[in-house]
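Hey, can you work out the whole structure from these sequences and the hints?
Here the protein sequences line up with chains A and B, keeping their order.
Going by full-length UniProt numbering, the first sequence wraps up at 264, each residue one higher than the last.
Going by full-length UniProt numbering, the second sequence wraps up at 264, each residue one higher than the last.
Worth flagging that the hints you see were computed from the coordinates, not collected in a lab.
Quick caveat, the model's predicted, so the values are computed rather than measured.
We treat Cβ as the ideally placed atom computed from N, Cα and C, and that holds for glycine.
Treat the hints loosely; a few may be bogus.
Stated by the list, open to error - Covered stretches of chain A, as calculated for chain B (at least 3 residues, CB under 8 angstroms):
#	stretch
1	53-66
2	89-99
3	156-166
Said to hold, decoys possible - Interface residues of chain B toward chain A, partial, derived using beta-carbon atoms under 7 angstroms:
#	residue
4	Arg-67
5	Ala-100
6	Phe-123
7	Gly-147
8	Asp-149
9	Val-152
10	Leu-155
11	Phe-159
12	Leu-169
13	Val-244
14	Leu-248
15	Val-251
16	Ala-252
17	Lys-255
As the list claims (entries may be wrong) - For lysine to aspartate or glutamate, the following EDC-like pairs were computed, each having C-alpha atoms within a straight-line distance of at most 20 angstroms:
#	chain 1	residue 1	chain 2	residue 2
18	B	Lys-255	A	Asp-73
19	B	Lys-255	A	Asp-70
20	B	Lys-255	A	Glu-98
21	B	Lys-116	B	Asp-36
22	B	Lys-255	A	Asp-36
23	A	Lys-255	B	Asp-243
24	A	Lys-255	B	Asp-36
25	B	Lys-255	A	Asp-247
26	A	Lys-255	B	Glu-98
27	A	Lys-255	B	Asp-141
Chain residues, written in single-letter form:
Protein chains: 2
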Amino acid sequence: MAARHKKPNDMTAGDFRPPVRIGRKTGPKPTFTEADVIVAALRLGIGEFTLTQIAQKIGVATSAVYRIFDSRDDLVRACVDYCARRLQWQIMPGTTWEQALRSWAERVWEVCETYKGMDAQLFLHPGVFLPTQHSLTRMIDLLVRAGLDRRVATLVFDFVTETVVATHLGVSTTQSLFNADAAERRKQAGFLDADDPTVIPRGRITNDTYELIDDPEEYAAAIKDAQFHTPDQQPRLAREALDVKLDLIMVAVRKVAAESTDAT
Amino acid sequence: MAARHKKPNDMTAGDFRPPVRIGRKTGPKPTFTEADVIVAALRLGIGEFTLTQIAQKIGVATSAVYRIFDSRDDLVRACVDYCARRLQWQIMPGTTWEQALRSWAERVWEVCETYKGMDAQLFLHPGVFLPTQHSLTRMIDLLVRAGLDRRVATLVFDFVTETVVATHLGVSTTQSLFNADAAERRKQAGFLDADDPTVIPRGRITNDTYELIDDPEEYAAAIKDAQFHTPDQQPRLAREALDVKLDLIMVAVRKVAAESTDAT
Chain A
1 MAARHKKPND
11 MTAGDFRPPV
21 RIGRKTGPKP
31 TFTEADVIVA
41 ALRLGIGEFT
51 LTQIAQKIGV
61 ATSAVYRIFD
71 SRDDLVRACV
81 DYCARRLQWQ
91 IMPGTTWEQA
101 LRSWAERVWE
111 VCETYKGMDA
121 QLFLHPGVFL
131 PTQHSLTRMI
141 DLLVRAGLDR
151 RVATLVFDFV
161 TETVVATHLG
171 VSTTQSLFNA
181 DAAERRKQAG
191 FLDADDPTVI
201 PRGRITNDTY
211 ELIDDPEEYA
221 AAIKDAQFHT
231 PDQQPRLARE
241 ALDVKLDLIM
251 VAVRKVAAES
261 TDAT
Chain B
1 MAARHKKPND
11 MTAGDFRPPV
21 RIGRKTGPKP
31 TFTEADVIVA
41 ALRLGIGEFT
51 LTQIAQKIGV
61 ATSAVYRIFD
71 SRDDLVRACV
81 DYCARRLQWQ
91 IMPGTTWEQA
101 LRSWAERVWE
111 VCETYKGMDA
121 QLFLHPGVFL
131 PTQHSLTRMI
141 DLLVRAGLDR
151 RVATLVFDFV
161 TETVVATHLG
171 VSTTQSLFNA
181 DAAERRKQAG
191 FLDADDPTVI
201 PRGRITNDTY
211 ELIDDPEEYA
221 AAIKDAQFHT
231 PDQQPRLARE
241 ALDVKLDLIM
251 VAVRKVAAES
261 TDAT
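Here it is in structure tokens:
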């Protein structure tokens, strides 16, 4: 299963190999690039695409796609690399640690929002954040200068990244319950209200606020109510949840930094 | 693909269906239960087992396993349910919110440590924490009594859970780099030192402490050094990382709770 095309180690964004000519020897020759395949896979959803669907989308034979990528796994890895390059960023001079952390969180969130299924992949592929090594180092310096222990500073960056990806993954997993064959899976997942596609567990929206229903009887009564949140409202709620969690991290970092500054 | 055996909705721990008799009509009749299959799958690793391996482990024919579980997916779900029931817990009277959160974190960590590959599944299966609904409600009450807004209190529980699972997943993903065909994957992941099986990126162990190497030259020099952490040391480091992150959450909750108490 060795890759037929060797990737140069220092491949950067946009640095794809030249178009490959495929198909019959006569007539117009359709050409397509590795990038075309990657973009098609990302549009179809990294957790769902098949090589046949991709070939149809680009308008070539499936065998032609196999000439570039040996397997689905190879293509998944190329898609993850593509997104990892999107995560490259620079911390501008004068940026505070808080601004830098928040802008990093936005970047990761945006990649999760843009590329369906990428949240799970970011957890499953080690080394995916290596292209950000340079900015990571600068970020840690900012946190150390603010008063944090270097080891804690390193973990704060990981903590923010994991929190963004985990929050996104939590939402997309819940949203998958609203898909076509959702009722059966919702039933299996133990939802009280498997047949009502507008209900998600544990809470509801009232006057635009998420509200936990913790009394079982109230919960049972409430599922007859129409005011549950729908898939459309989910992403906004997830964003709210993320903001609360990021705020908590900021509060903790500020407090720990202030205490260490007081101590000196 | 309807399940051939219907599971009662109120199935609880240890509540498995009676032994199924399989095999030839004569001679000793091997019997095995759904629980035997689940335990075998969990031992082999939920991300890796095949139904054939399981059949071998139990000492029955593969077709007999298919008589209980229609597909690999069905069995994965049963394994996740099994672990979810292990997560059931009770908050004892007199427990503080901090003790309760930490004991919950320990429970989730223990399940991740005990069942290989379960960390990823906990993210991918919605509703997995539903059996903990009752304790969740009590936990939120404790946090609200401490001074937290109810919405924030709800998110703190999610935050702790996600942090435990994400930290474990981060480590197991990195550890997978040390597996049999690791060198090629490490190379693909962009590691500087793909041929040295004892190196992981970004840091090293010196005198039992994890140390980030942020200077590229120092890093390049350091990879010639023998003192990198090995797979054996990884779990302890992960645990340290988790403890720092949990401490940060506790610091933030205490601060937010204290501020709201001051305001009243």
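Do the hints match the structure? See the list:
1. 53-66: Violated: only 0 residues of the stretch 53-66 of chain A have a Cβ under 8 angstroms from chain B.
2. 89-99: Since three or more residues must qualify, the claim that chain B covers the stretch 89-99 of chain A is violated, with 0 doing so at under 8 angstroms.
3. 156-166: Since 7 is at least three, the answer is holds.
4. Arg-67: Given a least distance of 20 angstroms, the restraint on B/Arg-67 is violated.
5. Ala-100: violated (15 angstroms)
6. Phe-123: holds (5 angstroms)
7. Gly-147: violated (14 angstroms)
8. Asp-149: This interface hint is violated because 9 angstroms lies over the 7 angstroms limit.
9. Val-152: Hint holds; B/Val-152 Cβ to chain A Cβ min 6 angstroms, cut 7 angstroms.
10. Leu-155: Because about 5 angstroms separates B/Leu-155 from the closest Cβ in chain A, which is inside the 7 angstroms limit, the hint holds.
11. Phe-159: holds (5 angstroms)
12. Leu-169: holds (5 angstroms)
13. Val-244: Interface hint status for B/Val-244: holds (5 angstroms vs cutoff 7 angstroms).
14. Leu-248: holds (4 angstroms)
15. Val-251: Holds, about 4 angstroms.
16. Ala-252: holds (4 angstroms)
17. Lys-255: At 5 angstroms from the nearest chain A Cβ, B/Lys-255 passes the 7 angstroms test, so the hint holds.
18. B/Lys-255 - A/Asp-73: Distance of about 46 angstroms is beyond 20 angstroms: violated.
19. B/Lys-255 - A/Asp-70: violated (53 angstroms)
20. B/Lys-255 - A/Glu-98: Satisfied, since the Cα-Cα distance of roughly 18 angstroms is no more than 20 angstroms.
21. B/Lys-116 - B/Asp-36: The given pair, whose Cα atoms are some 17 angstroms apart, holds under the 20 angstroms limit.
22. B/Lys-255 - A/Asp-36: violated (50 angstroms)
23. A/Lys-255 - B/Asp-243: With a Cα-Cα distance of about 17 angstroms, the restraint between A/Lys-255 and B/Asp-243 holds, given a limit of 20 angstroms.
24. A/Lys-255 - B/Asp-36: Roughly 50 angstroms separates the two Cα atoms, so the pair is violated.
25. B/Lys-255 - A/Asp-247: holds (12 angstroms)
26. A/Lys-255 - B/Glu-98: This hinted pair holds, its Cα atoms lying about 18 angstroms apart.
27. A/Lys-255 - B/Asp-141: violated (25 angstroms)
Of the hints listed earlier, those the structure fails to meet are numbers 1, 2, 4, 5, 7, 8, 18, 19, 22, 24, 27, in rising order.
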